[in-house]
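With the hints as constraints, model all of the structure from the sequences given.
The sequence shown begins at 3 in this note's numbering and counts up by one.
By construction, these hints were calculated from the structure, which means they are not laboratory data.
Just so it is clear, CB atoms sit at the ideal spot from N, CA and C, and this is done for glycine as well.
Hints should not be assumed to be uniformly reliable.
Taking lysine-lysine and the PhoX-like style, the derived pairs with C-alpha atoms no more than 20 angstroms apart in a straight line are [as the list claims (entries may be wrong)]:
no., residue 1, residue 2
1, 43, 84
2, 20, 30
3, 225, 168
4, 43, 20
5, 60, 73
6, 167, 223
Computed beta-carbon distance windows for the label pairs [to be verified]:
no., residue 1, residue 2, range
7, 194, 38, 18 to 28 angstroms
8, 106, 43, 17 to 27 angstroms
9, 81, 190, 18 to 28 angstroms
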Amino acid sequence: MKKYRDSQRNLYPHSEIKVELLRIYLEKYFLVLGHSTQIKKIYVYDLFCGPGIYENEKQGSPLVILNEILKVLEKGICSEAKFECFFNDTDSERILILKDYISKSSINKKNIDTSYSCKDYEIVIDEVIRKNNSLGDREKSFVFIDPFQYKNIRLKDIESLLNTKKTEILLFLPTQFMFRFESNGTPQSLKSFIEDLVPYDEWPISITGIDFIYSLKEHFKWKLEMISILILL
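Here you go:
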């Protein structure tokens, strides 16, 4: 069995905050969708899902997603829609823990389908994009991206997901981690990430982490126009 750092075995406070923000976002998102009887299928993707349940008994993003779906179904919201949840993690042990926990839970199988994969982000994001490109008129999708590092996240993938106008994305970026690398010899992966937003020689020098976050948010807004991006410090 693999040895994990404590932060990978237990849900730390900063991760709890992200999970709570996910819960609030989904609560509002499903409420909006519930106003339309035309939506027949909702796809929910968690691309860095983790084990779902941690050693300190805190719930991760997959269980929050499923619990929010159950809540709206119990309230009769989105009752005409079928939910399809897709959970991915590069760690097969985490996927096994998640599958086992969900199989023993009281999920309404009539309205919720779950599928799992253990693939690198670069592979799974292409699959999600292809699936999104074939969404029907009565289908919507929600994509949750909470990477451990930033190096695999590319703007072109976010743009591709948004092209259908039927997808919501909640993206968390480890901005302090990124700023630390920017301040100590910028690696090629960060240069590539920045160059997706703006030519690297036009990127402003960040004096503080707050400067970096502001620049990142402003360039994202400029590049993607209407996208709502949530960045956690």
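Hints, one by one, checked against the model:
no.	hint	in the structure
1	43 x 84	5 angstroms, holds
2	20 x 30	16 angstroms, holds
3	225 x 168	19 angstroms, holds
4	43 x 20	26 angstroms, violated
5	60 x 73	19 angstroms, holds
6	167 x 223	16 angstroms, holds
7	194 x 38: 18 to 28 angstroms	39 angstroms, violated
8	106 x 43: 17 to 27 angstroms	26 angstroms, holds
9	81 x 190: 18 to 28 angstroms	49 angstroms, violated
When each numbered hint is compared with the structure, violations occur for hints 4, 7, 9.
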